[in-house]
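Order-wise, the sequence lines are chains A and B.
Letter by letter, the first sequence follows residues 1 to 227 of this note's numbering.
Letter by letter, the second sequence follows residues 1001 to 1227 of this note's numbering.
Keep in mind the hints are simulated off the structure, nothing from the lab.
Please note: incorrect hints may appear among the correct ones.
Residues on chain A that point at chain B, a partial pick, calculated with CB under 10 angstroms [said to hold, decoys possible]:
#1 Trp101
#2 His113
#3 Val115
#4 Ala118
#5 Arg122
#6 Pro130
#7 Val185
Label-pair restraints from in silico Cβ distances [what the hints assert, rightly or not]:
#8 His129/A <-> Lys1035/B: 44 to 54 angstroms
#9 Glu205/A <-> Ser1011/B: 35 to 45 angstroms
#10 Ser1011/B <-> Asp226/A: 43 to 53 angstroms
#11 Ser1011/B <-> Arg54/A: 13 to 23 angstroms
#12 Gly1187/B <-> Tyr212/A: 41 to 51 angstroms
#13 Asp181/A <-> Leu1097/B: 42 to 52 angstroms
#14 Ser1011/B <-> Gly215/A: 34 to 44 angstroms
#15 His96/A <-> Leu1146/B: 22 to 32 angstroms
#16 Ser28/A <-> Ser1009/B: 44 to 54 angstroms
Ideal Cβ positions, reconstructed from N, Cα and C, are used throughout, including at glycine.
Protein chains: 2
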Amino acid sequence: MNDLAQSRSPSSSVGDYLKAVFELAADSGDAASTKGVAARLSVSAASVSNMFARLQEMGLVEYERYRGATLTERGRREALRLVRRHRLIETFRLEHLGYDWQEVHAEAERLEHAVSDAFTDRLAELLGHPDHDPHGDPIPSAEGTLEVDDSFPLSEAVAGSRLRISKVRDEDAAMLDYFGDRNLVPGRLLTVREVRTLDGVVIVEDEDAEVYALGEPLARSMFVRDE
Amino acid sequence: MNDLAQSRSPSSSVGDYLKAVFELAADSGDAASTKGVAARLSVSAASVSNMFARLQEMGLVEYERYRGATLTERGRREALRLVRRHRLIETFRLEHLGYDWQEVHAEAERLEHAVSDAFTDRLAELLGHPDHDPHGDPIPSAEGTLEVDDSFPLSEAVAGSRLRISKVRDEDAAMLDYFGDRNLVPGRLLTVREVRTLDGVVIVEDEDAEVYALGEPLARSMFVRDE
DNA sequence: TCTAAAATTTAGCCTTGCCTAATCTTATAT
DNA sequence: ATATAAGATTAGGCAAGGCTAAATTTTAGA
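Can you build the whole structure from these sequences, using the hints too?
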């Protein structure tokens, strides 16, 4: 009964936790904290403690009390499978179902737990094996490899540099709206006019010579790469 | 807390039961039995009794102990929403993902619980608002209406009649294989050569003058309409 | 009609996930 | 160096859904 639990495909809840740990680690480079995961999944901290212990039993995370959790190799593979599904579904919804760039995120959270690997791979084929989703996030390969990410938040840019938008945080719908409305989307070129340390405002100019002053929250939500 | 349960969208388990009751009633015209639902969902009879009581509380079925359950109007609407999703997803998988006619059924069971109505309607549009799925089953409209079904199993045909295949039972993969391999699919025309009451074998000839002798189990799985 | 088999329900228990309240640990600020 | 705040864990519950075994009702056969 124990090794059965090992071989079963993780429940949708387990998957959500793995993805949260994966994404928090990507941001901070560190172990995922109870609090961080709780906030991301809108559950209580107690539930996270509880789940961390179970994930460790299942061999999906390395966990030490009061120290947070990091993914094991198996946990990381699992998380990447879900990320792959999520991003392909988003791309499908955008390109074939006519959803707005901003609307794409929400429902994919649910669907990613319901589709099989076979479905995912056929979807990838239908879409022409894209390597980035509509927000600019890289899509993991079917083999579980993920492009190394050399992008950084616009808030850390230096004045005068020329940058390409690589991705936009997809957690906040209002921010997605803002960027979407102004066509500040992955692939666009920006020139940094000013980075004001005083208040964190970053002033950029786009390819059409439009100038935008972005406050720190916005500047932290847009990721760029040196061009 | 009680009326919240009323307004919530039913859990995936609840939906599975509603669909099972719906489909059993369609077959037998009668209340769905505990045993029938248990067999269809691969669950113990005790679980079904339990769930019938809960479904009644939720106002989704009419249920009397030892007498089986029938859907209420609300229960029927819920079931039809799921059936609509299921059949549209099957159609999508066949037409856009290149699945075989036989493979289509299985995964849709899981997906139908994860997609929203909005997704479903956009999918319908992408597919050109089909009114039948690949097995020939009618797709309920977004408003919850379903074509009246005047088809009957081939096992009840009379010798000499000309019939069109309307649908094929999709529960048994081996039978789907058999029919699929021989191109005995919805839309094809058949002429009944002989109906042998002795052993239930039905002998038919298709449009290409191929002749098939179908035993009772197969003849009961193929539905036809007078042409 | 009466009895045995089949179907159904009840009782009692388990697991997964989630919650709140109370208790620890660790980190921070004097 | 230590008090306190912040973060994490434990304890104890709850609801959904499932199961088995035992009891009950219905149905069918002699």
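Evaluated hints:
no., hint, result
1, Trp101, "violated (15 angstroms)"
2, His113, "holds (7 angstroms)"
3, Val115, "holds (7 angstroms)"
4, Ala118, "holds (8 angstroms)"
5, Arg122, "holds (4 angstroms)"
6, Pro130, "violated (16 angstroms)"
7, Val185, "violated (22 angstroms)"
8, His129/A <-> Lys1035/B: 44 to 54 angstroms, "holds (48 angstroms)"
9, Glu205/A <-> Ser1011/B: 35 to 45 angstroms, "violated (51 angstroms)"
10, Ser1011/B <-> Asp226/A: 43 to 53 angstroms, "holds (49 angstroms)"
11, Ser1011/B <-> Arg54/A: 13 to 23 angstroms, "holds (22 angstroms)"
12, Gly1187/B <-> Tyr212/A: 41 to 51 angstroms, "violated (57 angstroms)"
13, Asp181/A <-> Leu1097/B: 42 to 52 angstroms, "violated (33 angstroms)"
14, Ser1011/B <-> Gly215/A: 34 to 44 angstroms, "holds (42 angstroms)"
15, His96/A <-> Leu1146/B: 22 to 32 angstroms, "holds (27 angstroms)"
16, Ser28/A <-> Ser1009/B: 44 to 54 angstroms, "violated (35 angstroms)"
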